[in-house]
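Protein chains in written order, with this note's numbering: chain X, 522 to 838; chain R, 522 to 838; chain W, 522 to 838.
In short, the hints are calculated from the structure, not lab data.
Since no wrong hints were added, every one of them can be taken at face value.
The list treats identical chains as interchangeable, and a pair is accepted whether it falls inside one copy or across any two copies.
Below are the SDA-like pairs computed for lysine to any residue, each with C-alpha atoms no more than 20 Å apart in a straight line:
| hint | residue 1 | residue 2 |
| --- | --- | --- |
| 1 | K638 | S648 |
| 2 | K652 | S811 |
| 3 | K614 | D803 |
| 4 | K558 | G583 |
| 5 | K770 | S760 |
| 6 | K609 | N566 |
| 7 | K558 | I587 |
| 8 | K735 | Y764 |
| 9 | K558 | P588 |
| 10 | K682 | P536 |
| 11 | K556 | G583 |
As the structure is a computational prediction, the values presented were derived from the model and not from experiment.
The lines below spell out each chain.
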Amino acid sequence: MNHFLSRNSVDELKPLLEKARQIKQNPFEHATLGKNKTMVLLFFNPSLRTRLSTQKAALNLGMNVIPLNVSQAWGVEFEDGTIMNFDKAEHIKEAAAVISQYADIIGIRTFSGLKSKEQDYGEIVLSQFVKYATVPIINLESATVHPLQSMTDLFTIEEYKRKTRPKVVLTWTPHPRALPQAVSNSFVEWIKKTDYELVITHPKGYELSPQFSKDCTVEYEQGKALEEADFVYAKNWSSFSEYGKIISKEENWMITAQKMALTNDAYFMHCLPIRRNVVVEDAVLDGPNSIVIQQAKNREIIAQTVLSELLKNKSKF
Amino acid sequence: MNHFLSRNSVDELKPLLEKARQIKQNPFEHATLGKNKTMVLLFFNPSLRTRLSTQKAALNLGMNVIPLNVSQAWGVEFEDGTIMNFDKAEHIKEAAAVISQYADIIGIRTFSGLKSKEQDYGEIVLSQFVKYATVPIINLESATVHPLQSMTDLFTIEEYKRKTRPKVVLTWTPHPRALPQAVSNSFVEWIKKTDYELVITHPKGYELSPQFSKDCTVEYEQGKALEEADFVYAKNWSSFSEYGKIISKEENWMITAQKMALTNDAYFMHCLPIRRNVVVEDAVLDGPNSIVIQQAKNREIIAQTVLSELLKNKSKF
Amino acid sequence: MNHFLSRNSVDELKPLLEKARQIKQNPFEHATLGKNKTMVLLFFNPSLRTRLSTQKAALNLGMNVIPLNVSQAWGVEFEDGTIMNFDKAEHIKEAAAVISQYADIIGIRTFSGLKSKEQDYGEIVLSQFVKYATVPIINLESATVHPLQSMTDLFTIEEYKRKTRPKVVLTWTPHPRALPQAVSNSFVEWIKKTDYELVITHPKGYELSPQFSKDCTVEYEQGKALEEADFVYAKNWSSFSEYGKIISKEENWMITAQKMALTNDAYFMHCLPIRRNVVVEDAVLDGPNSIVIQQAKNREIIAQTVLSELLKNKSKF
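Please build the complete structure, drawing on both the sequences and the hints.
Printed below as a string of structure tokens:
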């Protein structure tokens, strides 16, 4: 693993999950692996969980961490050949190369703008960093995927599953603001490579990009999708076809205790932050089958697993 | 001590002050006590002294520190049962539980809004964090108290006092902006439990909340209050009865060299930042009896003392 | 060396450059020199390279680093005797003294306002910090000089020079915004004390302050200046005489491959960030003689060299 950008960065998942289990049991076992190594975290957008969990993971390995809020410091130009006489003070070529001088690993957080499908799904920011940096890059959520979250979700399902091939349902939920598709795209990308039964459910018009949902089962009736589910993964996303738009509110898609009763005593999952009584009823989120906090805890474990891999392999980079 | 929220968090003060004295003599004696422990500092408001001194204290103990400016990242919902379809993205239940996954101690800084007495004196932010976090909380100044400052003030008086029962005067001073009552409330709360002679002086209308000033001597004539004082603690606060208002400017309440001449060669104290020639004359602040910088230094010592206690007791938490 | 403020802070440069060479070969050799030492970095202006490279340098020495964005926290009063009843909450006397309680070294970044020549060239912010702080100060770029950058530039020339007395040309270049003279002033200040041949070239009206350019060769014809150059140092600056103004755009002063052909196969240098195809053509910046990234790398080496000196000498401070 040279970078950690998406599911494609991981060849063999099983040994990584095994490593994660060991890290969870003994997080400080390799407390000097990252000695004299520095990770720079670049936030083009605000972040809580990712920021804290990734920092904590790095500290567990003895690394130094320098977080930077990019928006406060900088306008970065991502296009080649531009005459830079307007608002952008530095080209990604210099920015990425310079940060690589001080960092052993660079983490990048950059949301989709939800304005141009081409720009978002082109992953301009992330791919330009990968092109011009000379050190490993970790994707801390990009325009279209959130691999640290998805690998965490998978690891959490592995911890809680009560049968070899659980039924996992990704359900669209209502939300007052238009949100990226990144978490959902990424969840599908990681889960569909397992032998779980995956069902995606959402109102018509909220189809995910075929790049991710190809070959997946889509069920437009939420109640039917939830039947016999072992895990319910709730998430809102905006429309892909009418790009970035809320095309219908569908408030009746909120996850309720009544709906959870249709499942096989399913666990409730969400990446957080979550809007109570919009995405999910209090009764579900506060109930015994909600494992959202355990998911959040596992963000640290997975970040540490990925960092360990990158540090180990860095000599080959 | 499970949390450090106010004077009530401390059972026996004497051993803590003794510990502080030892820490001041040898700040790096327990440089590994905080090994592999992480403190997250949440700032709902800007902070200089508290931010620096608490970080330094934690570093002296070998802890990791992750400071976060909350306002940049987040809208947190503090009410139960809300339908979160407006501006708040995360409920305190999740926020506090999630941060507890990554932090061994959480420090919280949150000012009073000075708009609603009920909200401020209900200490909603702090108390909700205490309720939903699963790790110790340190109050880095809340709506109504500032215990790290007050314990520091007390420790500083102990260092400088020239007699067993010094006369300590808390005097209101002018200020161009409406300020919280937290520092003054807290000072009174800590000092009135000692055997010092405490006198509070302020213009009529600036009475502190009886919750704090009950049983205290209040003298409305500043000159009379200052007579034979050993310590003069200056501070502005806005009205409690006409909540959060500046009800009179009273510029003649500024502390001057002439007024200090009424005292028993008193030391001048203030929590800083301080407005020169508004709160106090240059001549007093630059004079030999000003101990404001020594107070600031002691902020680190007291923070380290409190952190040591919380780290020591954490196994029982 | 008690502070690192400008070229004048350094008595003997040679041993420092030798030390820098050793640090570059083995950056972690003195990884405990800064143990239990804390550096506070105060940014009155945003910063990328300086922030990252100085932090990394300090971490290499085992120091703790606390960066602070001043603008978010504070209004600092720099004038004496003021009645502070307006927007400034703290006087530099208290601010500098208080930070000195928690910091072993203070780094300060403060740009010129480009409004008042007297204020900028008086270096009010930096000199007041030096006056009232009780620990060493490092200049992370001030209103008129940028010594960490200039010492880095000199060190980089030493690494790349192909003859004992290279010809070094500082050339003004176009830029859409009015920029400070600090980098150019400082470059001249450091280079003119070497035995290099230094030529400054710029359009008429862009003369640097005589305080820095006195005794230097100025050539108003860029092409002529570039002839036989071994190093071309490009930089924009605003007018000193018509203070802070862009008095002419002179877009034909951009550095091009054609112009570089006039030189003695010169290396291209710039402090970054750099505006492509405004300051310099892509062809030059992407060519084999561009050493801007190596310069950026050396920022860390020089910061570490300076920190090592300050830590070593601190007992004498």
